[in-house]
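Novice: One line per chain: the protein sequences are A and B, in this order. Per my numbering, residue 1 is the first one in the first sequence, and the count goes up by one each step. Per my numbering, residue 1001 is the first one in the second sequence, and the count goes up by one each step.
Simulated from the structure, these hints should not be mistaken for laboratory data. The reader is advised that the hints may include incorrect statements.
What the hints assert, rightly or not - Within a straight-line C-alpha distance of at most 30 Å, the following computed DSBU-like cross-link-like pairs (lysine-lysine) qualify:
1) A:K125 to A:K67
2) B:K1400 to A:K25
3) A:K19 to B:K1306
4) A:K25 to B:K1458
5) B:K1304 to A:K19
6) A:K248 to B:K1426
As the list claims (entries may be wrong) - Chain A stretches covered by chain B per the calculated footprint, using a threshold of three residues with CB under 8 Å from any CB of chain B:
7) 6 to 15
8) 21 to 33
9) 359 to 372
Glycine residues also receive a C-beta, built at the ideal position from the N, C-alpha and C atoms.
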Amino acid sequence: MSKKFSVNGTFKDSVNTVKFLTERKSFINNAQAVLPTRTDDFGVNKVAKSIHPKEQKLVISRIEEHKALAKSYYFKSDVAPLAYFKAGQYLTFKLEIGNAVVTRSYSIASSPASALRGEYQITVKRISDGFVSDYILDNWHVGDEVTAYAPEGNMTYNPLRDAENIVAIAGGSGITPFLSLARAIDQGDEDCTLTLLYGCRTSDEILFKAELDSLSEKNEKINVIYVLSHSDEEGYEKGFVGADIIKKYAPDENYSIFVCGPGGLYKFLETELPKLQKERKYIRFEVFSSGKKAEEAKEYSIKVINRGTETVIKASSSETVLCSFERAGIEVPARCHTGECGFCRSKLVSGKVYIPEGEDKRRIADMQFDFIHPCCSYPEGDLVIRIN
Amino acid sequence: MVKNYDAVVIGAGNGGLVAAARLAKEGKKTLLIERHNLPGGFATSFVRGRFEFEASLHELCGIGSITGKSPLLKIFQEVGAADKMEWVSLDEAFRVITLDENEKSDYLMPLGKEAFIAKLEEYDPGSSTVVTKIFDLIESIEKTLDFVSNIEDFKPSMIKEIFSEHTEFLKVANYSVDEVLKAFGTSKKTRDIINAYWCYLGQPTDELNVIHYFTMLHAYIIDGAVIPRGRSHQISTALLEAFTENGGDAWFNTSVKKINVKNGAATGVELDDGTQINAKAVICNASPYNAYTKLIDEKEIPEKLKKEVNAKTLGAKGFAVFLGLNRSADELGLNNHTYFIYPTNDNRKCYELSKKIATNDVQATVCLNRAFDDCSPEGTSILYMTSIFAGDEWSWVSVKDYHKTKLSFAEKMIDNFEKATGIAIKDYIEEIEIATPMTYARYTDAPAGTIYGYEASKEDGIVKRIVFDMIDKGISGLYFAGGYTTRHMGYSPSYTTGDMAAKAAILSMEKEVK
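If we strip away everything but chain B, and leave its shape as in the complex, we get (with noise of 0.2 Å):
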């Protein structure tokens, strides 16, 4: 069988969907397609008994539930999803404890910018002035991308006024966040608090670009986070939806087995039963990753390519335990949104301790209940536990033994959340249910269980990725959206790169009808 598109999109992940929604709701005939029987990939629920647990989504930004700003709201509304989403404001950033009992420490941040450098002068005297000034920064270097960003007709004026205007910017863009931190003088504390989100993008602040680190606090921070009241597959259905409603055609339950590529263009793809899908543009929401070693011939990839896949490290690997609770989150004294507890606050060290299982203490932990109380049935709660894993210990976990490997490591992360918090939860827990790496690797195919797209190394940060990964990758009609791409991994830098490649897919279909 062979069907024609204008657009074939691989994958029904966050990029995938937003990429498919803004094709259709441009009038491109766009095939979506989806080997699992969900959408969303990550961005996904499950059920167990009375509890509906949310798969990986701990606070979605680009909302904007303070300042207002809200770049990802305006994608879904321009592609006709936002009003099928519902969404509650969170007001608390995370509470971040550490468990070495020589450097004991907890520290409650809020959102907001004021409330945030209020707290941290509570915590750290004197470091209001020093964090006021970091904020200033935060905001100028937001300002700088907002101007690049919105750039749609070049003229060279324009490098005139980045050299003028966009000095900071400049300066730092290739430094770490702590080389930043230090230079303005920060005291250790204030730099423990200011970084405890590190975990989030998986990389040790020492290395770690300050400009990405940096516009996920304005994210944060500045512009507030928000929960989706139907978990994240509310947001992945909307735009399922908005996708069909546009006439869009989604498949689920289908595999693809190969993007035909020929003469250095994708023509389209061929799925595992041997339909032949032929299309303009082939939107690959699965990684490069998979496309190059296991979807592309590989006689088809020009060099740069397999010098590029082979350059770049995979990122955390995933581990999830999500806990239905037969008691309330105030009988509990579950008080908490987001809990950061971490082996020490030096996340160099909590990195490289996490390439083991025995040594691997880092944990984000996030109570439901705090966003909105009515997420479980009265007098129950809802508490899930990430955690990540740097380097692939877990490939070396036989199938023997699987099941004994995860509970352990279950065990030790709700020990962890006990000791660290003093709230007893393991006689309360009515559901479990345990993600490894193999669970991801299961739903998503993901290499080796990974999360977290390629590690924001210092060679891959996301400035180095934004300005040479936009480049022809070398596959014409050929773009990757999600985690692994331009904007680094995340639920809002997946559905931005969702949008960037069907736009770019768009205006090549423009030029070649011109």
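Extracted from the complex, chain A is given alone in its bound form (with noise of 0.2 Å):
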């Protein structure tokens, strides 16, 4: 090996080197002795945490009632503008009903732009065996604060992955998404056309007609086209909205179907849009949970390992790990409630548990070291999990 290299000469390096010392010196010596910008003065660290609160405490300031059994509530901020968002993304609120800590998401529907505002739409139905929205429906008032954590959701238009085309499937209260992205796009902070095939029972419960209708009307980017299942009705369509509504409704060029709805929506849809023929990155889905077939509940017990403490709880083969947690007070930092986003991550630390198919949406390497999204993972006797 060679040892002869230099880069000036033997000499000139040596000196070189030596300069490091005086030169590392004043270097430290010569800045001024106070601290720099602080982490969350940054623009970056400011802007992360408008949109991405770690919780917001939202007051109502209007309610509206609908006719199908729905409300929509209303959101003021007085004091600063609520975390910006994607026109189809949604809010998770956190509720403490009786013991119960809970969390649900709901879809905002109102504009990105009115947050900024700070204001925020969600809309609830009421559903059989709907523990939670029943309990909104009936207990938020005028004037309550309410908790709710930041948007989430990947149900948003991306102009790099979709066309510029959306026919949006909606579905009962299923429509308060893309009444979001009607909005955003007739204010400008969209570009894509929206055809909304809007499916309900009867006339009665479509939600927002009168809105839907004017938008419509006077932003040639928005068709709405209402499909009703139950009743036949003058300027309505009839039927469910599958391949050939969608035929006669989509536009000639290409486009990205979206979809959000009830389980039934979904159903009917995976023998429909097969016959369109799209690319599967054409169509999107709404996350939701399918839930476990129906059979005989068997009642388990959760070992909690929380920060080092042990809690042992009730559970059902027919629920949840989550389902447990919420019941029995447990915080943990649950959102979607369909397996996608993750945040409920907890480790099994033993037992086993069954996850329906399709709704596994876990790393390798969380399957790899028995890592499970509780929110929809199902007890198949008894449980040790760490949740924190």
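Using the hints, put the two chains back together into the complex; each one sits in its own frame.
Specialist: Next comes the structure, spelled out in structure tokens:
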């Protein structure tokens, strides 16, 4: 090996090396003995915190009753803008109901721009066994303060991925993310067209009809078609939103399909959408949980480890692990309740769980090391779970 | 609530995980605290649709796929995590392409010393003699560093040995990469190719310390690089598993409000909910920047440390685009694993241009399927593009403009990739996620979205850090681990400093006992 290499000659090289002592000393000594910009004060960190606050306290400013057993809740914040979001995202609320601590998510119906004015709107519909929805409908009043986390969710328009024409299929209260999108388009915050195929049982159940009609009327990028399954009325399509209706109203150019609605709609579309022969990338569903097939519920117990503290709670084979946590008043950072967001990720120290097919959206290494998403895991025996 | 531990580790990033795993392995009662719900910090992954994306790792060195030299693997083995990890070896180093029409170039380089030299000879005939000499120097530097880092019991005779056996190291220690490469009489083309890795350190080679860069070349090109099958999340989770198996406590979704300092010594931490954790040692994987500006009472910070944090400059801010494509890598023609795409081969110019959103065209892009094709479902592929920003222009992007700015920069990166490679990818994007400096700030509390720790500037280069930043930091019982410390940023260095911090803490605890 060469031992002869030098840059400027051995002497100069050695001097240069010795120089680093003084260079370094003056580098530090010449600095002022004051702290630099605080991390929280950088614009980047401020924006990050503004879009993703840890939680938001929202005050109910108005409640609008709809015909279809639904209410819209309007929130107003006087102090600051609320967290900005993309049309299609949802808010997760944290509620204490009796001894239970629960989280539930509702798509934001208002436009992204209104969040900057300190306003949000969500719509809650009464549904069978809707424990939390019923609670909200019966207990939230104007002036109440409620707790929500930052907006989350991936059913948003992205021009780099989606076609610039969106055919949105909404069922029932699944209209809210598309109302937000329609408003965002109208306000110039999203640059796509929207063909909204809105399925309801009867015309009485249509939410936001006046506003949707007006948006459809005045904005050529927005077109709203109502599809009624249980009544034959003039001016409405009859039946379910399927391949035929989509073909009838979809634009000639390429389009993406976004779907949000109840489980029945998804089941129906499972056989309908393939008829359109579209690439998978052009079909996006708002995720939802199909739950577990009914069977005789078995009772189990879960030992929950949280920051070194152990608690034993009751569990059932017919309910998710997250549901057992909620009943027992154990607070976990859950958001989506569909296995997607990963916020509730916890370590399964021992025991077995069942995860419905298609709902296991865990990382490879999480499967390897037995981390689970409690929101879509059902106990198959006694469990030990470390949540924090 | 008050709890007592031997050591408390703030942050489960790469440095914190190794520190915690080492402490637990050595029987120290250790608490690891992480504000997020996942271990790893930047070393993580996320799922969108049918794709699992790597969040930050491009290639990992120190696992030793070619020469078997594997200092990092040794650490993983010692803390009991190695058998939980699965590696895939790479054989390609990089493909580097320039966008400048007047200076079009496109070089594809392999890993392995001989292969690298031979390929360079093809591109730049006649270069092999001098490049072989450069590799001799790279190996000679590595020997010096091995010698120094293996010193356990210092003897005065070692100084003599350093001056007689390690003269080359001593001669070049304070030069930049360019100064040394030019002294070898290299051609511009040879330098353009050898310097292609510059974006991994974020500093132009006219000031980047040569020891720093050559050490990295040794680690990648001579020793080889690997990819973890389960993404970097597999490494992070394996380290966490090893830690808890050895009795460590890990608390997630938990924030440290304050590092308690009394009479110049760290005594523990206070959590957001007021819980007090007393500990003999505090290992801080939060950056020293955050420690000093957020976690420690200003009156407890010695003047010297304030000067130090003020003197140093925050390094590159991150931006990344993650693409799940609905065609296979073969169908699309994505034949390479690592693509460096630069506006020009002049990396000083690249660096200056990277200060502005409008002019930054630097990208390092990975097609993970070229490491292992089953990383995504059949007929699909994963491509992720990373860019780095010098300066802090993102701090002037408002909330209202945020989504549009993010989208348009991502689109520019995709356009640049298509332009540089001639490969069309835009029509095949099934999933996309975009990370901005705000994203890194959100998940790790990184100041201004910094992902590269402090800049490896001339004044704060690696040799200066190793010599000076090791010295007592002024607050006893407080040890820093991670990308802002002596070894500079990067996966391997962060793991290494985590191990160093843990060992220093253990040594100090043992002295106390005596």
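Novice: A separate judgement is required for each hint: does it hold in the structure or not?
Specialist: Checked hints:
Taking the CA atoms of K125 (chain A) and K67 (chain A), the gap is about 10 Å. The hint holds against a cut of 30 Å. Between K1400 (chain B) and K25 (chain A), the direct Cα distance comes to roughly 44 Å. Violation of the 30 Å bound is thereby established for this hinted pair. The straight-line distance between the Cα atoms of K19 (chain A) and K1306 (chain B) is roughly 24 Å, inside the 30 Å bound, and the hint therefore holds. For the hint linking K25 (chain A) to K1458 (chain B), the alpha-carbon distance of about 13 Å falls within 30 Å, and the restraint holds.
For a cut-off of 30 Å, the pair hint linking K1304 (chain B) to K19 (chain A) stands: about 21 Å separates their Cα positions. A threshold of 30 Å between alpha carbons decides the hint, and for K248 (chain A) with K1426 (chain B) the separation of about 28 Å falls inside it, so the pair holds. With 6 residues carrying a beta carbon less than 8 Å from a beta carbon of chain B, the region 6 to 15 of chain A meets the three-residue requirement, and the given coverage holds. Coverage of the region 21 to 33 of chain A by chain B holds. Counting CB-CB distances below 8 Å, 9 residues qualify, and the rule asks for three or more.
With a threshold of 8 Å between beta carbons, the proposed coverage of the region 359 to 372 of chain A by chain B holds, since 9 of its residues qualify and at least three are required.
Checked against the numbered hints above, the structure violates only hint 2.
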